[in-house]
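Just so you know, the protein sequences line up as chains A and F, in that order. Numbered by this note's numbering, the letters in the first sequence go through residues 1 to 337 in order. Numbered by this note's numbering, the letters in the second sequence go through residues 1 to 75 in order.
Hints are computed from structural coordinates only; laboratory data are not their basis. All values derive from a computational prediction rather than experimental measurement. Each residue gets a CB set at the ideal place from its N, CA and C atoms; glycine is no exception. Fair warning: there could be bad hints in the mix.
[To be verified] Derived, one-sided and incomplete: chain A residues facing chain F with beta-carbon distance under 8 Å:
no., residue
1, Gly123
2, Ile171
3, Asn176
4, Asn315
[Claimed, not checked] Interface residues of chain F toward chain A, partial, derived using beta-carbon atoms under 7 Å:
no., residue
5, Gly53
6, Asp56
7, Phe62
8, Cys63
9, Asn64
10, Tyr65
11, Trp66
12, Pro68
13, Thr69
14, Gln74
15, Trp75
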Amino acid sequence: MKFISKFLSLLLLVTIFSCTNKDNKSEKFQNRRNKIVNVRDKVKGIQVENVIFSGKTRLYIINDYLIISDLKAVDKIIHLFNKNDFKYLTSTCYVGQGPDEITIMGCIGLDEKNRKFYVTDHGKNQVFSYALDSVLINPFYTPEVKLKLNPKQFMDKYQYFNDTLSIGRIIEPTGNQGFKQKTAKWNMKTGEIVHMKYEHSPINKKRINVAANEKEGLYVECYSYNDLITICDFNGNLLYNIYGPSWNESETNKTQYFGEVAFCGNKIITSYLGKDTFGKYNQATEFIVLDLKGDYLMTLNIGYNIEGFCYDKENNRIIMSLNDDIQFGYIDLDGII
Amino acid sequence: MKKRLLSIAFVSAIAVTAGWNFAQSENKGNLSDLAMTNVEALAASENPMCSNGCLDNGNGCFCNYWFPTYKEAQW
Numbered sequence: 001m002k003f004i005s006k007f008l009s010l011l012l013l014v015t016i017f018s019c020t021n022k023d024n025k026s027e028k029f030q031n032r033r034n035k036i037v038n039v040r041d042k043v044k045g046i047q048v049e050n051v052i053f054s055g056k057t058r059l060y061i062i063n064d065y066l067i068i069s070d071l072k073a074v075d076k077i078i079h080l081f082n083k084n085d086f087k088y089l090t091s092t093c094y095v096g097q098g099p100d101e102i103t104i105m106g107c108i109g110l111d112e113k114n115r116k117f118y119v120t121d122h123g124k125n126q127v128f129s130y131a132l133d134s135v136l137i138n139p140f141y142t143p144e145v146k147l148k149l150n151p152k153q154f155m156d157k158y159q160y161f162n163d164t165l166s167i168g169r170i171i172e173p174t175g176n177q178g179f180k181q182k183t184a185k186w187n188m189k190t191g192e193i194v195h196m197k198y199e200h201s202p203i204n205k206k207r208i209n210v211a212a213n214e215k216e217g218l219y220v221e222c223y224s225y226n227d228l229i230t231i232c233d234f235n236g237n238l239l240y241n242i243y244g245p246s247w248n249e250s251e252t253n254k255t256q257y258f259g260e261v262a263f264c265g266n267k268i269i270t271s272y273l274g275k276d277t278f279g280k281y282n283q284a285t286e287f288i289v290l291d292l293k294g295d296y297l298m299t300l301n302i303g304y305n306i307e308g309f310c311y312d313k314e315n316n317r318i319i320m321s322l323n324d325d326i327q328f329g330y331i332d333l334d335g336i337i
Numbered sequence: 001m002k003k004r005l006l007s008i009a010f011v012s013a014i015a016v017t018a019g020w021n022f023a024q025s026e027n028k029g030n031l032s033d034l035a036m037t038n039v040e041a042l043a044a045s046e047n048p049m050c051s052n053g054c055l056d057n058g059n060g061c062f063c064n065y066w067f068p069t070y071k072e073a074q075w
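Looking at chain A on its own, in the form it has when it is part of the complex:
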C-alpha cells in the first residue's frame, strides 16, 4: 500500500513538472515594450498621380509592381505602380454587377511565379484570375474565373504560395450575421479548406490578422481585440504564445490591439494601437517588431495613422497606406531594424 501511494505521488510530480516545463517554453509574457524608436522623420511620402483614392485601400507587392486596391472606389478598383519609383502604370477591374466586374472586393492573392494575381469577389463568391502582363498592356483586359467559393466557409485574407497551398484567415458565417474566424490552409485547385489545429482556448470570439512565411514554415496570428500574438508551424503546432502588457481574456471588441501583420525578412512586424476605437478616433501609429521566436525587439513610432501596409523585400521597405496628412508613404528599414 505504501509503495502504491509513493508511486502515485511520484507520477503526479512528474506530470506536473512536464506540464510546467512545456508552458515555460511556449508562453511568453512581455510586460513592457518600451524600446520606442521615433521614425516619423524617416517616412517619405509617395506622390500618387492620375488616381484619386478613397480612404480604404490595401497594398500588395507582386514582382516589380505595387498594387493598390481601393475597396471603396466607384470605378476601377485596382491600380498598378512601379514599386521602385511609384510611377503610375495602369488601372483595372471595374466595380459592378457585370460579368467581369467585382461587386465586393476582398483580398488579392499574389502568384509571382506565374505573374498572376487573384481577386476575390465576396458578392459573387468567386475568385478571378488576372494575368499581370496582360493587365499592363491591355486596358480592355477581362479576367478568368479561377474558382468558386463556398459561402459557408471561405478564405478572406491569405497568402498564396502555390495552387495547392495558401494560408490565411477563413470566415465561417454563423447565420445572416455573425461569423467565426480561424486560420486555415486552402487548396485553390480543389477548394478544400483545412483548419490549423491550434486554437488559443480561452478566446471564444477570435478576430485575427494572419501572415505566413513559407521559407521558415511559420504563420503568425495577431489578435485584433486581445493583446496576444500566436506563432505556429505550418502543421498548426503551437510554437509561441506572446502575451502583451494589456493581455486579458476579455471578450469585447472595444479596444483594438493589433492590425495587419507581415514577415519582413527575419522579423515580424505588426501595427499596434491598444486603445478604444468606438466613439473615438484612434488609429495605430506604431509598429511592434518581433523576431521569429516572438521576442520583442522594438517599437517603431511612425507618427502617422496607419491604415495598412505591405513589405517590399527587394528594397527592404515598408510601404504604408496612411490616414493622415499623406495618404501613402514608405520607410526603408536598412539601419533601423
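Dock chain F against the given chain A, drawing on the hints supplied.
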C-alpha cells in the same frame, strides 16, 4: 392592533417606493446605454445595408455577405 397594521403599511409603502425608484434608475441606465449605442452607430456612419450591426471602416463584418471594409458593432 391598529398601530401594528399602520406600521406594517408604512414600512411596505417605503419598500415599494424604494423599489420603484430603483427600477426607474435601472431603466434610465438602459435607455442611456441604448442611446449611446445609437450615437456611436451614427458617429461610425452605420452601413444602411447592414442595419443589424455592421459599421463603416473596419477589418471585416458579415451581413448576408462578407464586407471586408466594415466593422462589427460593439460586443
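Each hint, compared with the structure:
| no. | hint | in the structure |
| --- | --- | --- |
| 1 | Gly123 | holds, 6 Å |
| 2 | Ile171 | holds, 6 Å |
| 3 | Asn176 | holds, 6 Å |
| 4 | Asn315 | violated, 27 Å |
| 5 | Gly53 | holds, 6 Å |
| 6 | Asp56 | violated, 9 Å |
| 7 | Phe62 | holds, 4 Å |
| 8 | Cys63 | holds, 5 Å |
| 9 | Asn64 | holds, 6 Å |
| 10 | Tyr65 | holds, 5 Å |
| 11 | Trp66 | holds, 4 Å |
| 12 | Pro68 | holds, 5 Å |
| 13 | Thr69 | holds, 5 Å |
| 14 | Gln74 | holds, 5 Å |
| 15 | Trp75 | holds, 6 Å |
Hints 4 and 6, counting from the list given before, are not met by this structure.
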